[in-house]
Amino acid sequence: GGAAAARHPRRAAARCALSIPDHGKDPLLVRTIKGEEHERPPVWMMRQAGRYMKVYQDLVKKHPSFRERSENTDLSVEITLQPYHAFKPDGVILFSDILTPLTGMNIGFDIEEKAGPVIASPIRTMDRVKEIKPLDPDAACPFVGEALRILRNEVDPDTAILGFVGAPFTLATYIVEGGSSRDYTVIKNMMFQEPEVLHALLSSLAESIADYVRYQADNGAQMVQIFDSWAANLTPADFEMFAMPYIKQIVASVKETHPDLPVTLYIFGSGGLLERMATFGGDCLSVDWTVDMVDARKRIGSVAPGLAVQGNMDPCVLFTDKETIYRHVDEIIEKAGGLSSNHVFNLGHGVMQKTPEENVAHFFEAVRTAHQR
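The sequence shown runs contiguously to residue 373 in my numbering.
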């Protein structure tokens, strides 16, 4: 940490000053989501900081612990800025994890390189739910606020700093299952047989996550994305019972205090849920590649006409070549409503491991120059 600070004296100064610069104008991504005038779509990639980049792989050799990389302010900032320096995306998303705030709620976890998230003591009873503490982000994860403030001082004014959180249902899948799951049998059994326990858990998570969104916004995040990554494993009826109400609770709570903060919702595999998702109360819906963007626009627009969309290129396109990437970019921009529509360009899911970095560069360049073609 000290070495990184020595290498980056501006960062150390930024942390001492802890001020968030006000440039008087929103960055392109925020203006686009709000439906203001712009000449091309903004672009960023989910998982843009990380595994596919050689500079990240080199850093991992020195710092093999994921939690250290995501919970040490200097490392988190350095990793977050790697794709910014390489590709100049319009949104720079903090290198962190949806589980990061859990320790502050009395839920211990670790992230293993191969197994992924591990919750050593899963929560499966009402007594255990009652042991969960309300999150105090400043005490539990001050490195998140510090990193966001430093990032606001590091990037140019037209680049948005993005925060993110996990939605209650997705967080609950890890907390109840004890880690990643393929079929969600434990949490679904709780849902079917002890719904009151699951509702108590989800309600507790929703209150803390709303505070965590606020904390990120107060420290410089200019858009916050909610990931309910695994909610599409539910039937639509169960989604409306166990996932959607808690997403709505978070958004409504945040909008009371931060009405101008753009909030985006992303659910992987959510083609069957778009109309339901469109009522979440936020500003932008992120769509995966299994839905045609023309259809997504129609279906979302039938419920929430002003809602911005984000997405939705298949990440595998990035394994092809420059010409193919440019063609897919132009097609999606057209399907989403054209260069000046309220569309944030992204992949339909996170960028994949082993994606060639030169193709990532082509991807960003293709969107950045779309209005010149």
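I should point out that these hints are in silico values taken from the structure, not numbers from a laboratory.
Heads up, the beta-carbon is just placed ideally off N, CA and C, and yes, glycines get one too.
Accuracy of the hints is not assured; some may be wrong.
As the list claims (entries may be wrong) - Straight-line distance between alpha carbons at most 27 Å, and here's what the computed DSSO-like set of lysine-lysine pairs gives:
1) Lys-62 <-> Lys-114
2) Lys-25 <-> Lys-298
3) Lys-322 <-> Lys-54
4) Lys-354 <-> Lys-61
5) Lys-34 <-> Lys-354
6) Lys-34 <-> Lys-54
7) Lys-354 <-> Lys-54
8) Lys-298 <-> Lys-88
9) Lys-354 <-> Lys-322
10) Lys-88 <-> Lys-62
11) Lys-34 <-> Lys-335
12) Lys-188 <-> Lys-130
13) Lys-25 <-> Lys-114
14) Lys-61 <-> Lys-114
15) Lys-88 <-> Lys-34
16) Lys-88 <-> Lys-335
17) Lys-188 <-> Lys-34
18) Lys-54 <-> Lys-25
19) Lys-133 <-> Lys-255
20) Lys-298 <-> Lys-255
21) Lys-248 <-> Lys-88
22) Lys-61 <-> Lys-88
23) Lys-188 <-> Lys-133
24) Lys-354 <-> Lys-62
25) Lys-130 <-> Lys-248
26) Lys-298 <-> Lys-354
27) Lys-114 <-> Lys-54
28) Lys-248 <-> Lys-188
29) Lys-25 <-> Lys-88
30) Lys-133 <-> Lys-248
31) Lys-114 <-> Lys-354
32) Lys-322 <-> Lys-34
33) Lys-248 <-> Lys-298
To be verified - Pair ranges (Cβ atoms, derived):
34) Glu-334 <-> Val-303: 19 to 25 Å
35) Lys-354 <-> Ser-302: 22 to 28 Å
36) Val-118 <-> Gly-306: 37 to 43 Å
37) Lys-88 <-> Ala-115: 31 to 37 Å
38) Gln-372 <-> Lys-62: 36 to 42 Å
39) Glu-113 <-> Glu-357: 41 to 47 Å
40) Gly-116 <-> Asp-314: 22 to 28 Å
Cross-check of the supplied hints:
| no. | hint | verdict |
| --- | --- | --- |
| 1 | Lys-62 <-> Lys-114 | 17 Å, holds |
| 2 | Lys-25 <-> Lys-298 | 31 Å, violated |
| 3 | Lys-322 <-> Lys-54 | 20 Å, holds |
| 4 | Lys-354 <-> Lys-61 | 17 Å, holds |
| 5 | Lys-34 <-> Lys-354 | 34 Å, violated |
| 6 | Lys-34 <-> Lys-54 | 35 Å, violated |
| 7 | Lys-354 <-> Lys-54 | 10 Å, holds |
| 8 | Lys-298 <-> Lys-88 | 31 Å, violated |
| 9 | Lys-354 <-> Lys-322 | 17 Å, holds |
| 10 | Lys-88 <-> Lys-62 | 25 Å, holds |
| 11 | Lys-34 <-> Lys-335 | 19 Å, holds |
| 12 | Lys-188 <-> Lys-130 | 20 Å, holds |
| 13 | Lys-25 <-> Lys-114 | 43 Å, violated |
| 14 | Lys-61 <-> Lys-114 | 15 Å, holds |
| 15 | Lys-88 <-> Lys-34 | 22 Å, holds |
| 16 | Lys-88 <-> Lys-335 | 24 Å, holds |
| 17 | Lys-188 <-> Lys-34 | 37 Å, violated |
| 18 | Lys-54 <-> Lys-25 | 34 Å, violated |
| 19 | Lys-133 <-> Lys-255 | 23 Å, holds |
| 20 | Lys-298 <-> Lys-255 | 26 Å, holds |
| 21 | Lys-248 <-> Lys-88 | 33 Å, violated |
| 22 | Lys-61 <-> Lys-88 | 25 Å, holds |
| 23 | Lys-188 <-> Lys-133 | 24 Å, holds |
| 24 | Lys-354 <-> Lys-62 | 20 Å, holds |
| 25 | Lys-130 <-> Lys-248 | 23 Å, holds |
| 26 | Lys-298 <-> Lys-354 | 35 Å, violated |
| 27 | Lys-114 <-> Lys-54 | 19 Å, holds |
| 28 | Lys-248 <-> Lys-188 | 21 Å, holds |
| 29 | Lys-25 <-> Lys-88 | 19 Å, holds |
| 30 | Lys-133 <-> Lys-248 | 21 Å, holds |
| 31 | Lys-114 <-> Lys-354 | 16 Å, holds |
| 32 | Lys-322 <-> Lys-34 | 31 Å, violated |
| 33 | Lys-248 <-> Lys-298 | 22 Å, holds |
| 34 | Glu-334 <-> Val-303: 19 to 25 Å | 23 Å, holds |
| 35 | Lys-354 <-> Ser-302: 22 to 28 Å | 39 Å, violated |
| 36 | Val-118 <-> Gly-306: 37 to 43 Å | 41 Å, holds |
| 37 | Lys-88 <-> Ala-115: 31 to 37 Å | 35 Å, holds |
| 38 | Gln-372 <-> Lys-62: 36 to 42 Å | 40 Å, holds |
| 39 | Glu-113 <-> Glu-357: 41 to 47 Å | 21 Å, violated |
| 40 | Gly-116 <-> Asp-314: 22 to 28 Å | 23 Å, holds |
The structure does not agree with the numbered hints 2, 5, 6, 8, 13, 17, 18, 21, 26, 32, 35 and 39 stated previously, though it agrees with the rest.
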